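J.: Chain by chain, the residues run as shown.
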Amino acid sequence: MSLQDRCRVIGAVLLAGLLAGPAFAADRQFAGELDPFPHEMSTRDNVVGTGTITAVLAGDRLTIRGDFAGLSSAATGAYLRMGLAMGVPGQKIGDLTITKANNGQISGTITLSAAAIAALERNALYIELDSAKAPDGNSWAWLQAPKADIS
Amino acid sequence: MSRSGSLLSKRGKYLTAAAASLALASTLSFAQQAGPFTAGQAAAGERAYLESCAGCHGNTLAGANDSPALAGPGFMQSWGGRSTKALYQFISVSMPAGNPGSLSPATYADILAFLLRANGAQAGSTALNGNTDVRVSAAANGQVPADIQKGLAPPAQRAATPAPASRHGLTVAGTIKAYAPVTDEMLTHPPDGDWLMYRRNYQGWSYSPLTEIGAANVSGLQLKWTWAMNEGGAVEVTPIVHDGVIFLSNTSNTVQALNAKTGELIWENRIGPDATVAYFATRSLALYHDKVYVATTDAHLLALDAKTGKTVWNVEIAPPPKSETGGVMVIRGKVIVGMMNCDNYSTINCHISAYDAETGEQDWTFYTTAKTGTPGGDTWNNLPDTERAGTDIWIAGTYDPELNTTYWGVAQSKPWMRASRRTAAASTLYANSTLALDPDTGKLKWYFQHIPGESLDLDEAFERVLIDHGDQKTLMTIGKDGILWKLDRTSGKFLAAKETLFQNVYSKIDPKTGHLTYRQDILDQKTGEWLGSCPGPEGGHDWQATSYNQPTDLLIIPLSQSCVLMNGHDVETKLGGGGTAASQLFYFMPGTHRNMGKLVAYNTKDMTEAWSFQQRSPFLTAVLSTAGGVAFVGDFDRVFKAVDVKTGKILWQTRLGNTVQGYPVSFSLDGKQYVAVTTGLGGGSPEQKPTTLLTEVHRSTTGQQLYVFALPDRN
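Protein sequence lines correspond, in order, to chains A and B.
Here the working numbering runs 3 ahead of the position in the first sequence, where the first position is 1.
Here the working numbering runs 9 ahead of the position in the second sequence, where the first position is 1.
Looking at chain B on its own, in the form it has when it is part of the complex:
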């Protein structure tokens, strides 16, 4: 539940930190009276919360990811000064995430009653409803009852008869008859017709050398088959293709093998656990030798027999709530994965880790949060290690075999705003950095921190694309702030930076060093104050990755044009506390005519723009480009399109069942080229912002699906 208070008073003055503190202090000392709800409502609301809300906000109401805390000082800072009627209105039109407005009015009222109880309010004799209009701080004081601090028991532990669990394990048995083991040589030089890893090659290009589908004939594309995927959770997946088989990661940690020509299911392994939140999309599987590797929403890493889907080994990387969904890569016999969901204060800091591909035995770990006493450990303003949160890994890395170096991007530190996380101007390594690691040992070769002390949820966590110009070996990346970076990947030396869309976060970008200077009010921030940010947490650029089209030397970049006002909360400094801890209000980027989507191509050699176009809906897929001169991309409003790589001209488009979301791929079978793409729901800001801003877009609450296109068969 994202939330906000009044932005500006009628007199046009901002809510000041001092005022917020006074309000909070007054609520904490307030003598409690009977609240505007009954005990029965609060009890019913607790059950409803566990079923519909706890998946995102947690069983201590501490929040995670884009889901803020619903109990304690952060909640009171957001809602203490507003009315129960406004809170009811907010919940009833925007929650649960992914299916807003789906609960009954009575259930929303019950949940609101429970939230009040969770913030110290006492039950009374009057039932609460949607018209109950009481200042939240008049009923609640922000003191969380002990039973909620301890953590609510999930429904299954409460029910007399627990609900039957979903069936897990190898649910469809079958065997791939002609499976050729995937070798190191194949990963280094992928066969033209395969898509063996996340971005297809180690360099992270998302580029297919296939040419059958080109600018002249792409308008003849036809749907060949489609496959209904699991509902629930979040879909942002890359279909992996080898020798005519698609290995598909579904939600609920389900892995399937499908005949790529017919769509026939060959085997299925429902690993579980079932998805309970609309986050943590598993972005990519990996293939190596005779195994397929999957890292799960509950931070396990599994090797499955690629021919049969049977589990070969299964290791736990970390206990809940950690996850490992950013994608898997394999380098010379090591399976490498990065951790996510490090929002809240924990004894386990986020890291990248490597495992033996044959046995699952752990090899090395690199902590993306520099801990006390380690290099960079003095960049966290002396916070204890348990309060060094964030630095998640959103996507799998890239790899240069010649340099034997793997490159990874790291997310921001948490809470989002430095005033909330109490790090002042400290840089908080290795947040928002590019890491160059030795894949054999996990040792750091170099790092480049793009945004020291980042403060507005503007991650630099996305794809690191490896591009050569003659002898110059470069790494290019772009983050939520929309700045396209070019580094020397042998040394990490800064080469160039380019603004790809409007930004108002930095007052200066040093063209020689890449050093960014924040706008003064961002440097002076306090909790409880609103700060404008263009772009906002949607990006700019987000997980929807770029494509490097080698023949044209163009990097094709999906961008989003939205902004936010962000208001940082105070957080509780205890294990499980912290979180993202900010409220947001959304708005269109000024000067864009309310066009949220922008597709732009840059010449990578000189960083000049080749072409761009805007559209109303943002792009929710990565870009796939091909040697046929076509780039594919899909958007929030269900349109999947092909554009001319050289000009950006739209050559073909079709409407699919829901938001086109994921990583499109291309492969060939018996000399015929195919294009595969998923529709999906779930996710953070890239879903939330257009859901709020694009009032004319209506989507189904289901429709996660794989679509496969090709040109008509020749007779």
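Chain A with its partners taken away, still in its complex shape:
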């Protein structure tokens, strides 16, 4: 799936969430794109792959859904993590379910602490995907609210 296609998917998901507003007035939508984990030239072939993540916050429960494709080795795990700010890696706060393959899905529901909800509000939560070739991080997606395109 191209970047443009993935942007469209995220947009559609967010729009659907907004249209469904009256039924889920308290729910909040977030989304992110899986980008390569921090790397250098010698490890860049290990951190390839794309994907999209969407998340819905209902009360203190964050439900995460996503897909990924094109990894150079099978996924081994996925986690929700909390940084000090967007782009600053941090500690794990929950485990997610992931397809143990080069392509597949990520899912899970995690109860957030007040601090984690605050971090989500400032775009400081991210999903990390690990793989056999990149066990310390293959990809990550920073969750952002709609219209949070910061560039």
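One or more of the hints may lead you astray.
Each computed DSS-like pair below joins lysine-lysine, with the alpha-carbon atoms no more than 27 Å apart [to be verified]:
{"#": "1", "chain 1": "B", "residue 1": "K316", "chain 2": "B", "residue 2": "K186"}
{"#": "2", "chain 1": "B", "residue 1": "K502", "chain 2": "B", "residue 2": "K454"}
{"#": "3", "chain 1": "B", "residue 1": "K507", "chain 2": "B", "residue 2": "K270"}
{"#": "4", "chain 1": "B", "residue 1": "K454", "chain 2": "A", "residue 2": "K95"}
{"#": "5", "chain 1": "B", "residue 1": "K94", "chain 2": "A", "residue 2": "K136"}
{"#": "6", "chain 1": "B", "residue 1": "K270", "chain 2": "B", "residue 2": "K331"}
Restraint-style ranges between C-beta atoms, simulated for each label pair [stated by the list, open to error]:
{"#": "7", "chain 1": "A", "residue 1": "K103", "chain 2": "B", "residue 2": "D519", "range": "36 to 42 Å"}
{"#": "8", "chain 1": "B", "residue 1": "L412", "chain 2": "A", "residue 2": "I120", "range": "39 to 45 Å"}
{"#": "9", "chain 1": "A", "residue 1": "S75", "chain 2": "B", "residue 2": "T135", "range": "30 to 36 Å"}
{"#": "10", "chain 1": "B", "residue 1": "R144", "chain 2": "A", "residue 2": "A118", "range": "23 to 29 Å"}
{"#": "11", "chain 1": "A", "residue 1": "A77", "chain 2": "B", "residue 2": "T582", "range": "45 to 51 Å"}
{"#": "12", "chain 1": "B", "residue 1": "Q42", "chain 2": "A", "residue 2": "A77", "range": "55 to 61 Å"}
{"#": "13", "chain 1": "A", "residue 1": "A77", "chain 2": "B", "residue 2": "D497", "range": "39 to 45 Å"}
{"#": "14", "chain 1": "B", "residue 1": "V706", "chain 2": "A", "residue 2": "A77", "range": "23 to 29 Å"}
{"#": "15", "chain 1": "B", "residue 1": "D722", "chain 2": "A", "residue 2": "R125", "range": "32 to 38 Å"}
If you are wondering where the hints come from, they were derived from the structure by calculation, not from laboratory data.
Everything numeric in this text was worked out from a predicted model, so none of it was measured.
Every residue, glycine too, gets a C-beta built ideally from N, C-alpha and C.
Position chain B relative to chain A; hints supplied.
T.: Chain B only, in chain A's frame:
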């Protein structure tokens, strides 16, 4: 060679400083065993290192610029815990810089063997290859042998028959027949058709008043001629144009005069020395009276006869490894230049200096590193002057003739991270400052330090653009952190600051004072720990300068959107030690859809954004804008384009031979407008980050070239 260790363990814990120290301590006390390489390999690797690596990493392996130390504690901190196989993999895919993967597998193995020896490993009987998988700290202890500490002799001093040197001097003789001396009046009020200095005018606008090429016809631009420049080194140059002649600075300190209409070479002076590293691009020559001035990669300043190219005078500003490549400016008979390559501990601190344009006699010096006992000298946490490194000058300054004040930006202090350089929260003047100097005396009128105690290689070293709004005289500048600053240039008073792209380095920016508050983990940093930085050392904004389009009052800014994790090393506190001293890992800026390039225009009066667009490749040229309403800019993926100044809409683009890199200019001849731009390779973060992140971009290892465009000739 940039390098890294494991970012996060499987358990998600960071490598702590304590753990790193323990690892280092254990390696230093380790009883040495025979290493996984032979003595013959290490000897061959030393020769290969000198040919392919020493230019950047140095003959003591101390490193410089973006090239880290390859021997001693910093190297062991980075690689001690990793395997020889990982190190081989890293070297073989990313080195030598500018031509990665170009050596044979055996040569990479030899170089790795030499690196192990340079870190105290003993040769054994087993040959090393790319699959040898030994923990580096099991073979090496980080103790650098005496012969390497002393400095490896270059190949020419070792060979029985030294290799013939390149031909230097006036290699093509010729004379410019109609050369009008460049006067002070011309520098103050440049003729419309000329481009006499770095940013075209003293105010640093990069703006041409020419109007023939406009939004309505720019799509008809055609290539008129092209000129192959020297290969090797780094090209980030400004073609200087006067009376139909282009004065072009090439790598290896070669200066050429070309007929601007035909591309014919008139004269050439190959000053030398030849380029050995992909750094230190000579960014601009200067013209004054009957001379052309060039400051060189080996820190010489020369005056050449503008008509013939013959050397008139040649002064050494400082011995190697200093350089003076940020560009030259001339103010009222004084040639002013700034020093670079001050990364390592030295008895010579970085400075700006002025010379008599006629004779080359030194006039004044202003030290950009505040020394002990001088104003600001108490801002370095009591470090001795020899350990006050950095504060380089990346580009030439700007000048206000009415105020008789010249403005210069200063780079960060070194090593990059305060934990490495041991300055705690000290501000380290005049790092990351704007300096206002009296050009007659070199005396400081005022300074404004944008980022006190900067700590992530986020320089504020770039163009200072002088813009007036009525009686208000302002100075605008933008650095790697992407913050656009506006100062009162009569006093240095802070007026405004604006974030032009996402940043996560500061938790607060005081809108009244411009005071920045660092994120807490940056304040608490220790060596051996990874810190995230958005933007990273690519910028934000880097040496690719802005253009001030006066008719629209827009400042058009090239930006890059990448981030790094940075890990500061411990350094040796000895002359030649220090350096940049950090490892980096690269990543796309979150929320940018992997678009590294961003072009944005700001209304300078109220600092509001007028337009912007993003693209995959970052921009590797400065912006040139014209009175015709067009702005030109080139990118990493070889595209040179023209956009509408008012909207940012792309009006024309073409693909060139390699990365479009340098400072585009516009000039006229016989009433016809031309646009000139260079392609080039080499440089630091603006080349390294996209080379790693943009996996789909493939470039040739050659292709440094000057291109000249114009509209079709009228019949």
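J.: Decide, hint by hint, whether the structure agrees.
T.: Verification of the supplied hints:
1. B/K316 / B/K186: holds, 7 Å
2. B/K502 / B/K454: Status holds; Cα separation ~12 Å.
3. B/K507 / B/K270: violated, 42 Å
4. B/K454 / A/K95: violated, 51 Å
5. B/K94 / A/K136: holds, 15 Å
6. B/K270 / B/K331: violated, 37 Å
7. A/K103 / B/D519: 36 to 42 Å: Given about 50 Å between the Cβ atoms, the range is violated.
8. B/L412 / A/I120: 39 to 45 Å: Given a distance of about 53 Å, which is not inside 39 to 45 Å, the answer is violated.
9. A/S75 / B/T135: 30 to 36 Å: holds, 31 Å
10. B/R144 / A/A118: 23 to 29 Å: violated, 38 Å
11. A/A77 / B/T582: 45 to 51 Å: holds, 47 Å
12. B/Q42 / A/A77: 55 to 61 Å: This hint is violated: roughly 37 Å between Cβ atoms.
13. A/A77 / B/D497: 39 to 45 Å: violated, 60 Å
14. B/V706 / A/A77: 23 to 29 Å: Distance hint for B/V706, A/A77 holds at roughly 28 Å.
15. B/D722 / A/R125: 32 to 38 Å: Given a distance of about 58 Å, which is not inside 32 to 38 Å, the answer is violated.
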